[in-house]
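**Q** Full structure from sequences and hints, please.
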Amino acid sequence: MIDEICFSTALLEGAQEVFETMVFMDLEECSEAELQIEGDSLLGSITFSNAIEGCLAIRCDLSCAKVIAVNMLGLDPAEEISDEEIYDAIGEITNMVMGSVKSRAATETGELQVSIPTVVRGQNIANSLGDRASNVVVKASADEEHLIEFSFLYRDSDG
Amino acid sequence: MAKSLMIVDDSATMRKIIMRTVRMSGLEFERTEEAGNGVEALEKLSADPVDVVLCDINMPEMSGTEVVKKVREMPACADTKIIMVSTESSQELIDGLMADGANGYITKPFTPEKFQEKLSPLMN
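Residue numbers (our numbering), protein chains in the order written: chain R, 1 to 159; chain V, 1 to 124.
Note that these hints are calculated values from the structure, not bench results. There are no misleading hints in this set.
With a straight-line Cα cutoff of 20 Å, these simulated SDA-like cross-link-like pairs (lysine to any residue) come out:
#1 V/LYS16 x R/GLU20
#2 V/LYS16 x R/PHE24
#3 R/LYS66 x V/ARG20
#4 V/LYS69 x V/GLY96
#5 V/LYS114 x R/GLU20
#6 V/LYS16 x R/SER82
If you want a taste of the chain V side facing chain R, the calculated C-beta under 8 Å gives, among others:
#7 SER11
#8 ALA12
#9 THR13
#10 THR87
#11 GLU88
#12 LYS108
#13 THR111
Which bits of chain R does chain V cover? Going by a derived footprint, with three or more residues having C-beta under 8 Å, they are:
#14 66-73
#15 90-101
A quick note: this is a predicted structure, and the numbers were derived from the prediction, not measured. Yeah, the Cβ is synthetic: ideal placement off N, Cα and C, and Gly gets one too.
**A** As structure tokens, this is what we get:
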């Protein structure tokens, strides 16, 4: 099994790169592990496979998701934005963070094949991969205002 | 000077972001087109070729890799420059795309400066 610290570092650094470049927000890791995302949230997920398999996910509340989409599209905060655009933005961010993590962890994981991202809405939602899986979770604050949870759920491939 | 641009990406949001980033780079195009997948892109290109195509790789229906091969079979697009824009960054994949006829590669996340660097040499 690959060292979880490797994925934790790749996840945080990859997310920071994407958020600084595409969302124009600074991400700082939260030391308060008990911080939770309350109410409805969006969960963007993308699966990967090869030597390891699993999924990378990003979860944030609806107001944070809207800020992310508005920033990515360069809109005025007062401008109308559709749910479809918000979901699409979260899917794209998930895709880009996966790409960034993938290249950072390539030495340990080898080349990973990734899927197209999906986004769902709900309360206390999370991905599951059974008992044999490891889950690396990084909580971060965006612009010291929004809580975003990044997770990297993985296990060794059977094949 | 390149006058027309097509952005091919299955995400409408990403198409808008790429368009905005191209504008921020200072590059100007007289005509811009969008396509939500490879099939739509080929239909539009066969009817009205463009100077530059910015193309995603991982798309449903037809991948960007396949789009490059198909465009290179179209005589009307012989002078069309194709720049891939994707999160995929393996050198093997990039080499394969260049061998198939792509003219450049931009990795997501990207900056306006990256578009300027990759597109400017193709626009003269």
